[in-house]
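**Q** Kindly generate the complete structure, drawing on both the sequences and the hints.
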Amino acid sequence: MRFERREHRPLYMMTLAPLLAIIAALALAGILIAIAGAPVFEAYRRILLGAFGSRLSATETLTRATPLILTGLAAAVAFRARLWNIGAEGQFYFGAIAVAAFGSKMLAGLPGPILIPLLMIIGALAGMILILVPLWLRLRFSVDEVVTSLILNFIAVLFVSMLIDGVLKDPTAFGWPQSQALADHAMLPKLIARSRLHIGFAIAIVIAAAVYFVQSRTVFGMQSRAAGLNPSGAVFAGVRFGSTLFKVACLSGGLAGLAGAIEVMGVKGYVTTDLSPGFGYAGIVVAMLANLNPLGVVLAAIFTATMFVGADGMSRSLGIPTYIADVTVALSLLTMLIALFFTQYRIRR
Amino acid sequence: MATPLPDCRLRDMTTAVLTIEGVSKRFGSTLANDNISLSLAKGEIVALLGENGAGKTTLMSILFGHYVPDTGRILIDNVELPKGKPRAAIRAGVGMVHQHFSLAPNLTVLENIMTGTERLWSLTSQMTAARNKLLAISERFGLKVDPDARLGDLSVGEQQRVEILKALYNDARILILDEPTAVLTQIEAEKLFSTLKQMAAQGLSLIFISHKLDEVMATADRIVVLRGGKVAAERQASQTSKAELAELMVGHRVTRPTREKSIPGAIALEARDITLKSGGVERLKKISFHVRAGEVLGIIGVSGNGQASLGQILSGTANRSSGELLLFNKPVGDLDVAAVIEAGVGRIPEDRNRDGAIGEMAIWENAVLERLSSYSKHGLVDRGAGVAFAQEIIEAFDVRGGSAASRTRLLSGGNMQKLILGRNLHERPRILIAAQPARGLDEGAVAAVHGRILEARRQGTAVLLISEDLDEVIALADRIQAIVGGRLSAPIDASEADARLLGLMMAGEWKDKSGTEHAI
Chain A
1 MRFERREHRP LYMMTLAPLL AIIAALALAG ILIAIAGAPV FEAYRRILLG
51 AFGSRLSATE TLTRATPLIL TGLAAAVAFR ARLWNIGAEG QFYFGAIAVA
101 AFGSKMLAGL PGPILIPLLM IIGALAGMIL ILVPLWLRLR FSVDEVVTSL
151 ILNFIAVLFV SMLIDGVLKD PTAFGWPQSQ ALADHAMLPK LIARSRLHIG
201 FAIAIVIAAA VYFVQSRTVF GMQSRAAGLN PSGAVFAGVR FGSTLFKVAC
251 LSGGLAGLAG AIEVMGVKGY VTTDLSPGFG YAGIVVAMLA NLNPLGVVLA
301 AIFTATMFVG ADGMSRSLGI PTYIADVTVA LSLLTMLIAL FFTQYRIRR
Chain B
1 MATPLPDCRL RDMTTAVLTI EGVSKRFGST LANDNISLSL AKGEIVALLG
51 ENGAGKTTLM SILFGHYVPD TGRILIDNVE LPKGKPRAAI RAGVGMVHQH
101 FSLAPNLTVL ENIMTGTERL WSLTSQMTAA RNKLLAISER FGLKVDPDAR
151 LGDLSVGEQQ RVEILKALYN DARILILDEP TAVLTQIEAE KLFSTLKQMA
201 AQGLSLIFIS HKLDEVMATA DRIVVLRGGK VAAERQASQT SKAELAELMV
251 GHRVTRPTRE KSIPGAIALE ARDITLKSGG VERLKKISFH VRAGEVLGII
301 GVSGNGQASL GQILSGTANR SSGELLLFNK PVGDLDVAAV IEAGVGRIPE
351 DRNRDGAIGE MAIWENAVLE RLSSYSKHGL VDRGAGVAFA QEIIEAFDVR
401 GGSAASRTRL LSGGNMQKLI LGRNLHERPR ILIAAQPARG LDEGAVAAVH
451 GRILEARRQG TAVLLISEDL DEVIALADRI QAIVGGRLSA PIDASEADAR
501 LLGLMMAGEW KDKSGTEHAI
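Protein sequences appear in the order of chains A and B. Reading the first sequence from the start, the letters are residues 1 to 349 in the numbering used here. Reading the second sequence from the start, the letters are residues 1 to 520 in the numbering used here.
For the record, the hints were derived by calculation from the structure and aren't laboratory data. This structure is a prediction, so every number in the text was calculated from the model and none was measured. One or more hints might be untrue.
To be verified - Just so you have them, the derived chain A footprint on chain B, three or more residues with Cβ under 8 Å:
#1 307-321
#2 326-340
#3 343-357
Stated by the list, open to error - Interface residues of chain B toward chain A, partial, derived using beta-carbon atoms under 7 Å:
#4 E360
#5 L369
#6 E370
#7 L372
#8 S376
#9 G379
#10 L380
#11 V381
Said to hold, decoys possible - In silico contact screen, one side only, chain A against chain B (beta carbon under 8 Å); selected entries:
#12 R217
#13 T218
#14 A234
Heads up, the beta-carbon is just placed ideally off N, CA and C, and yes, glycines get one too.
**A** Here it is as structure tokens:
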């Protein structure tokens, strides 16, 4: 038995494969739900209701999807160029704390329409700064960035923890370690009134489209793809490897930093060390689910958010653990990878 | 010419040890093997000759049990071999030496050879017995090797010897060698051929796969030519000629293009005392040369003598440590790839898969990647113009096997090389740096590539040809310099050159016409 590369991938296959993968994942997770003693279809109905059953739950799901879109894009652009940035979690926190540092007092005198974009840029820059460490180590000493960017996550979170228990600590928070709150006019406007859904969601979608455009149409997109696929071939063709990787890293780190900034400005208003329930790591899953396609990232992020938000509702009404959401997302990643493999290869004897 | 082998009772040309009967194998819409039959006698060397894609490797994979044939059968000593079972093939005495070795570089020679021969759960290892067996085999066939050397420390030629020994250790009586010389230097290849003849004289039967006419004529007793999945012809080596084989292999007459006289113009590229140090080693030591417009300068040498570094400096991917480089009589500083291309230099890299193209990208993307500035506006790639450019190359340079949008990896070596040549020559470069331009290509593609290089020369391009193929250099170059250990010899005129003299030059010592002795 061997695998043969498919040269033509019909459209129906490309649309059907991800759907089949999701169905397979739900079926497999259904076995676990049945073992937990709950009716399987009812459980899935509850998940769907929990995620989209009301105006409130639907907006909540999209709110949860917003940082996932951005961290998913951060992973997708980096992985496309074979830059293994596992550090989106740390970059997320750097973006968040930078916004809290500048947006609570220092720049609070600026009017909203100037302050908000400025803070977003500051958040993105903070994420970029953090990723430059593993990038430099890779380019200078060939240190594997998987290890360095991963370890840096813990350093970043501890650094943030130090700041919010120290210089940036909110004196009015009854001793809780949390940062000073953003000025009110630094908060993102709501997309839908009386919900938590903010314009960050729209911004994330626009950015996904922009990233898609950059990757598929621009010189930079083509060069970064070449550098990822065959570094020595790219260098021979005149692609400046170091500077291309630098740009890719800045884009990736910037997106993750922006995710942190938008989460603070859109939802919380301040930073704690549980601001992210692992958005940075989930971004990797989202990117892989989307096969690194920036537009697919949006759908994958919404799917992931649906499972997490919906599982809360299911858990409350059926009394089975919310871990089922983690399991389903993990299974869907596996089935998706298998499905994508079979869109690219066929089995031959 | 094939030298007649000594008659030996171990060689018995009348009994077939291996018979392949009517084997066919289809992959999708291509019939890779079409009703192929052939036989191999004891102590015989049969060459399987054919162009890339003729079905040689498929046939051998079927014989070795990697693929199951659609029809046909394989007999060893008149017993049918079960289909698709490599283990059965090994047990029946078939040994295979792959083009890419299946050896572990971190193990010793002895460990590599023993791998897979002992049971996983046996408590004792038969190291001493194995060592004695290995030494006996290496003595018998004249395959000298140190059993305790770490494989990774050996040269490619020695590694191949280990691969052969491994097959013999498993009591192979039929040895299949898949393009055994593709990775070897000229000298290593000659050593291999004498080993093969010695093995045949000892009663082993050999099939070796090749597309090189010289080595087939020099080594084989019998030659089976495959074309388009079918046996096109079968010839005794003593009763055929290179010209006939070439014609049989390609299906029509192939004549390599010949060089006409030319009157070289002004000096286009000149190097003065260029030195390159990298990693603490002097790769190039004060080399000097010049190439004129409409002239081919051949740099010949055994690979690993500094050619790669020279190619990199001239391609813009490495910078010289000292020395002067002149383009069109103007000294230039350090050049990057963009500056080199801007100056009108076309570049053919020595490793086309690693440097020449990005296999996973489309043909049109590879066509424009090195001059993206001309195929983009405001940072946006002009796909339409890129595809049009690729289509022009595909037509003008006869690139077959893909359209502008298909993946470059699908192209055969020859067609990929035509694409690389095309994207350079289409822009009428004033200088062409061609490193090993015909390496690994089949006869038809070699003729096409050589023809293009000579055409560029005719149109006034200064060509620097870096090659280790004597025939290629003699056929294309007007003047020849040898590179040995990072030093360059003084040039000789191509009219004085023959294979013997060039061989001596590549070794670093030779006498010229007037009898003066030279050494690099």
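**Q** Against this structure, judge whether each hint is valid.
**A** Structure-based check of all given hints:
no.	hint	verdict
1	307-321	holds (count 3)
2	326-340	holds (count 3)
3	343-357	holds (count 6)
4	E360	holds (5 Å)
5	L369	holds (4 Å)
6	E370	holds (4 Å)
7	L372	holds (5 Å)
8	S376	holds (5 Å)
9	G379	holds (5 Å)
10	L380	holds (5 Å)
11	V381	holds (6 Å)
12	R217	holds (5 Å)
13	T218	holds (5 Å)
14	A234	holds (7 Å)
Consistency with the previously given hints is maintained throughout, with no hint failing.
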